[in-house]
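Student: Below are the chains, spelled out letter by letter.
Number of protein chains: 2
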Amino acid sequence: MKQVKCAIVAIGSELLEGSVLDTNSNYLAVNLSKHGFTVTDVRMVIDDKNKILNTFNELFTTHDIILTTGGLGPTFDDLTAEIFAIATKRELEQNVTAYKHMADRLTQLGVTIGKGHLRQVELPVGCDLFDNKFGTALGFGTEYNGTYIASLPGVPFEMKYIFENHLIQFLIDRFKPEKIHFKDLIFASLPESIIDEDIRTFELVDTTIILNAGKAQLKVKFRGKDLCEIDKYAKILVDKYPKNFLGYDTDSIAKLVVDICRTNNHTIGFAESCTGGMVSQVITDISGSSNIFMGSIISYSNQVKINQLNVAKTLIDKYGAVSSECADAMAKGAREILGVDYAVSITGIAGPTGGTDDKPVGLVYIAISSDKKTVVFEERLKGDRESIRVRSTNIALFKLLEAIKN
Amino acid sequence: MKQVKCAIVAIGSELLEGSVLDTNSNYLAVNLSKHGFTVTDVRMVIDDKNKILNTFNELFTTHDIILTTGGLGPTFDDLTAEIFAIATKRELEQNVTAYKHMADRLTQLGVTIGKGHLRQVELPVGCDLFDNKFGTALGFGTEYNGTYIASLPGVPFEMKYIFENHLIQFLIDRFKPEKIHFKDLIFASLPESIIDEDIRTFELVDTTIILNAGKAQLKVKFRGKDLCEIDKYAKILVDKYPKNFLGYDTDSIAKLVVDICRTNNHTIGFAESCTGGMVSQVITDISGSSNIFMGSIISYSNQVKINQLNVAKTLIDKYGAVSSECADAMAKGAREILGVDYAVSITGIAGPTGGTDDKPVGLVYIAISSDKKTVVFEERLKGDRESIRVRSTNIALFKLLEAIKN
Numbered sequence: 001m002k003q004v005k006c007a008i009v010a011i012g013s014e015l016l017e018g019s020v021l022d023t024n025s026n027y028l029a030v031n032l033s034k035h036g037f038t039v040t041d042v043r044m045v046i047d048d049k050n051k052i053l054n055t056f057n058e059l060f061t062t063h064d065i066i067l068t069t070g071g072l073g074p075t076f077d078d079l080t081a082e083i084f085a086i087a088t089k090r091e092l093e094q095n096v097t098a099y100k101h102m103a104d105r106l107t108q109l110g111v112t113i114g115k116g117h118l119r120q121v122e123l124p125v126g127c128d129l130f131d132n133k134f135g136t137a138l139g140f141g142t143e144y145n146g147t148y149i150a151s152l153p154g155v156p157f158e159m160k161y162i163f164e165n166h167l168i169q170f171l172i173d174r175f176k177p178e179k180i181h182f183k184d185l186i187f188a189s190l191p192e193s194i195i196d197e198d199i200r201t202f203e204l205v206d207t208t209i210i211l212n213a214g215k216a217q218l219k220v221k222f223r224g225k226d227l228c229e230i231d232k233y234a235k236i237l238v239d240k241y242p243k244n245f246l247g248y249d250t251d252s253i254a255k256l257v258v259d260i261c262r263t264n265n266h267t268i269g270f271a272e273s274c275t276g277g278m279v280s281q282v283i284t285d286i287s288g289s290s291n292i293f294m295g296s297i298i299s300y301s302n303q304v305k306i307n308q309l310n311v312a313k314t315l316i317d318k319y320g321a322v323s324s325e326c327a328d329a330m331a332k333g334a335r336e337i338l339g340v341d342y343a344v345s346i347t348g349i350a351g352p353t354g355g356t357d358d359k360p361v362g363l364v365y366i367a368i369s370s371d372k373k374t375v376v377f378e379e380r381l382k383g384d385r386e387s388i389r390v391r392s393t394n395i396a397l398f399k400l401l402e403a404i405k406n
Numbered sequence: 407m408k409q410v411k412c413a414i415v416a417i418g419s420e421l422l423e424g425s426v427l428d429t430n431s432n433y434l435a436v437n438l439s440k441h442g443f444t445v446t447d448v449r450m451v452i453d454d455k456n457k458i459l460n461t462f463n464e465l466f467t468t469h470d471i472i473l474t475t476g477g478l479g480p481t482f483d484d485l486t487a488e489i490f491a492i493a494t495k496r497e498l499e500q501n502v503t504a505y506k507h508m509a510d511r512l513t514q515l516g517v518t519i520g521k522g523h524l525r526q527v528e529l530p531v532g533c534d535l536f537d538n539k540f541g542t543a544l545g546f547g548t549e550y551n552g553t554y555i556a557s558l559p560g561v562p563f564e565m566k567y568i569f570e571n572h573l574i575q576f577l578i579d580r581f582k583p584e585k586i587h588f589k590d591l592i593f594a595s596l597p598e599s600i601i602d603e604d605i606r607t608f609e610l611v612d613t614t615i616i617l618n619a620g621k622a623q624l625k626v627k628f629r630g631k632d633l634c635e636i637d638k639y640a641k642i643l644v645d646k647y648p649k650n651f652l653g654y655d656t657d658s659i660a661k662l663v664v665d666i667c668r669t670n671n672h673t674i675g676f677a678e679s680c681t682g683g684m685v686s687q688v689i690t691d692i693s694g695s696s697n698i699f700m701g702s703i704i705s706y707s708n709q710v711k712i713n714q715l716n717v718a719k720t721l722i723d724k725y726g727a728v729s730s731e732c733a734d735a736m737a738k739g740a741r742e743i744l745g746v747d748y749a750v751s752i753t754g755i756a757g758p759t760g761g762t763d764d765k766p767v768g769l770v771y772i773a774i775s776s777d778k779k780t781v782v783f784e785e786r787l788k789g790d791r792e793s794i795r796v797r798s799t800n801i802a803l804f805k806l807l808e809a810i811k812n
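These protein sequence lines map, in sequence, to chains B and P.
Taking the working numbering, the leading residue of the first sequence gets 1, the next gets one more, and so forth.
Taking the working numbering, the leading residue of the second sequence gets 407, the next gets one more, and so forth.
Hint data in this document are derived by calculation from the structure and do not stem from the laboratory.
There may be inaccurate statements among the hints.
Stated by the list, open to error - The calculated lysine-lysine pairs, modelled on DSS-like cross-linking and capped at a C-alpha distance of 30 angstroms, are:
(1) B/LYS34 - P/LYS455
(2) P/LYS408 - B/LYS49
(3) B/LYS49 - P/LYS638
(4) B/LYS49 - P/LYS585
Said to hold, decoys possible - Restraint ranges, calculated between C-beta atoms of paired labels, are given here:
(5) P/GLY745 - B/SER324: 24 to 32 angstroms
(6) P/VAL781 - B/LEU227: 54 to 62 angstroms
(7) B/GLN94 - P/HIS672: 49 to 57 angstroms
(8) P/LYS539 - B/LYS133: 42 to 50 angstroms
(9) P/GLU784 - B/GLU386: 31 to 39 angstroms
(10) P/GLY694 - B/ASP173: 48 to 56 angstroms
Note that the structure is a prediction, hence the values are computed from the model and not measured.
Using N, Cα and C, we set each Cβ at its ideal position, and we do this for glycine too.
Just chain B, with the same shape it has in the complex (with noise of 0.2 angstroms):
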């Protein structure tokens, strides 16, 4: 069965310009991947007429679908729909459902229904309409040439309900796209190369495998219709490296900590000073983290250190804020008070500024502290501060799994 080939186009000045990050197009990436469609390209593009059409008329000859998203606004730069209507070649007309939603919305919120909000609801004739609980705009939809293209609004979570409730299985009953098989596995500490000479000696059919070299770990994605296939070669893998191998998953190292966390019973806690509360947040990222991570210290400071987490002041005096004693008393002090099962404390220099001959920029000790033992790690890491801080994170929730595993 062929693939079923996807476009997605994201649409505005803004991700050009780059005062935007486009998330979305990274979004329906994975979900319409997830559900066997192939994504071959992506494009952001101006809002300019001209650019927009043509990258349509491109798009149609090679592609299923395009999705798009951005320029259903209200505003003079939001044009999606009058060129969708001119490279499908119908007609636009104010749309009645499209009226009465954003009517109703409308006065709901006590705005004044303008000018804009008119050309908004002018959609092109005899498209098919999702409804968009969140927002204004619906998203809109047709076929034209064998080639289904769809409009969604360019907010996020608008964006994620209309394509979750509505277009996607839309999608998916029109074209019946063959089941992909999905299998990812995370390996730590393991070079790209020396998997990819693996991977040239693998006798694939019908599987296709991408690397993915993170900051701390290695995904090898396998991908295919036969999952026999996969697993055969999954395993060849897998019990190649068997120290290295850290689990299967399609999700983050975040995930994988809390459903370890709440399969066997275990609370975490943290204490954070460099990476200033990105552990915490990316934990709690993941829904139903509440039933195992009670809480963290955001130490920034070392006054904070010696209050919060009773980091005793002569040791700090001693060997300073970004040292394995500070981090080893910060993981202990943090499993007490925060009365977790297991504590991670985080110290380092995250740059750009700080650094010295003796505690360069990136020197960050890690503490893995849980009512049988302390373990303190010493990283050096290259980088810019972002850099640094997403790797200091990663590490430390890699040594959490390991320490819970072991």
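Let chain B serve as the given structure and place chain P on it in line with the hints.
Tutor: Just chain P, lined up with the frame of chain B:
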């Protein structure tokens, strides 16, 4: 002087499958625009020879600069150099400088040079090289038919290093783009449609305006060569909406907060429940925040609210953890315990579970406490978990900013 048109190509199947979020394109878009280059196309392409080649060929005809990220690694799916060579009609050869750089680096890391690494240093003959302090792959570029095409690694901090330290100056010297002026106005609580109607009355010659409706704010971004024209129209909006106008900035709300605290010598801290560390992380993203941010208590469980923030158990029993009373107590507790001038608390229901008819998903209380007063705000937010957390974070920072300014 004509525009210097840039296209950005992010290469990597993992991007179109969605397992990795492309932040490189956004970074390049921001930083090219900042220097006067005009980004008109951003594309993601899978690791497929034909697709990459077709993309390059399409973009050559319409762009002055093409920047690619990704595909420079040592594995079987790293194809950029090979396709770059075909597209620019050059041979590949083992590059001496690249080889030495790779060999030195791998020796330091104790990694054996494999076939993949040798392939990694086969670069187009005669290309320009751009040093990579943080990784194995050097950046490389060349001119072809009037277009300058350069390829950078996909690992974000490696790409940023090369771009910031070598490539951007190279491009500025070569193309001498005309300096563009930027002015961003940030408004709180102003609907997009209202500003849109004002903008429709402007007679702009050399200025473009981009509207960014955010979670709790509206950014009006002026861009153009004529600073007088920009100032004239910016002033019209500032004078028309003085209560809503928060400030000028190209930066985040977090940076506005850090700046104003540094200027006025205020210290801050947070008591976070549903945001789980996000507010703290966003503030500590800003280099220099350690001057003003002392720390936070992430009180995800009620026990931590009671033990670490001195919220009375009887208060939680009576009103619940998601209540204005609890937010008030959390903020006051945090201010005393962390010893800061301003404390902000956030307690709410981020969802998707946990809501009731009485207290639905999206109900969030935010309190700002200073020695003068403690004020509590009730928000009823719509959206998914991430969106509610992000919006709560933004609203909390805005309210803090308003409190400090008034």
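Student: With reference to the structure, classify each hint as holding or not holding.
Tutor: Tested hints:
1. For the suggested pair B/LYS34 and P/LYS455, the alpha carbons sit about 24 angstroms apart, so the restraint of at most 30 angstroms is met.
2. Of the supplied pair hints, the one linking P/LYS408 and B/LYS49 holds, its CA atoms being roughly 20 angstroms apart against a limit of 30 angstroms.
3. Taking the CA atoms of B/LYS49 and P/LYS638, the gap is near 28 angstroms; set against the 30 angstroms cutoff, the hint holds.
4. Taken as a hint, the B/LYS49 and P/LYS585 pair is honoured in the structure, with Cα atoms around 26 angstroms apart against an allowance of 30 angstroms.
5. A hinted range of 24 to 32 angstroms for the beta carbons of P/GLY745 and B/SER324 is consistent with their spacing of about 27 angstroms.
6. The hinted window of 54 to 62 angstroms between P/VAL781 and B/LEU227 holds, with their beta carbons roughly 58 angstroms apart.
7. Look at B/GLN94 against P/HIS672: about 52 angstroms separates their beta carbons, and that is inside 49 to 57 angstroms.
8. Checked against the hint of 42 to 50 angstroms, the pair P/LYS539 and B/LYS133 passes, with Cβ atoms roughly 49 angstroms apart.
9. One distance hint, 31 to 39 angstroms for the beta-carbon pair P/GLU784 and B/GLU386, holds here, with the actual separation near 33 angstroms.
10. Judged by the Cβ atoms, the range 48 to 56 angstroms given for P/GLY694 and B/ASP173 holds: they are separated by roughly 54 angstroms.
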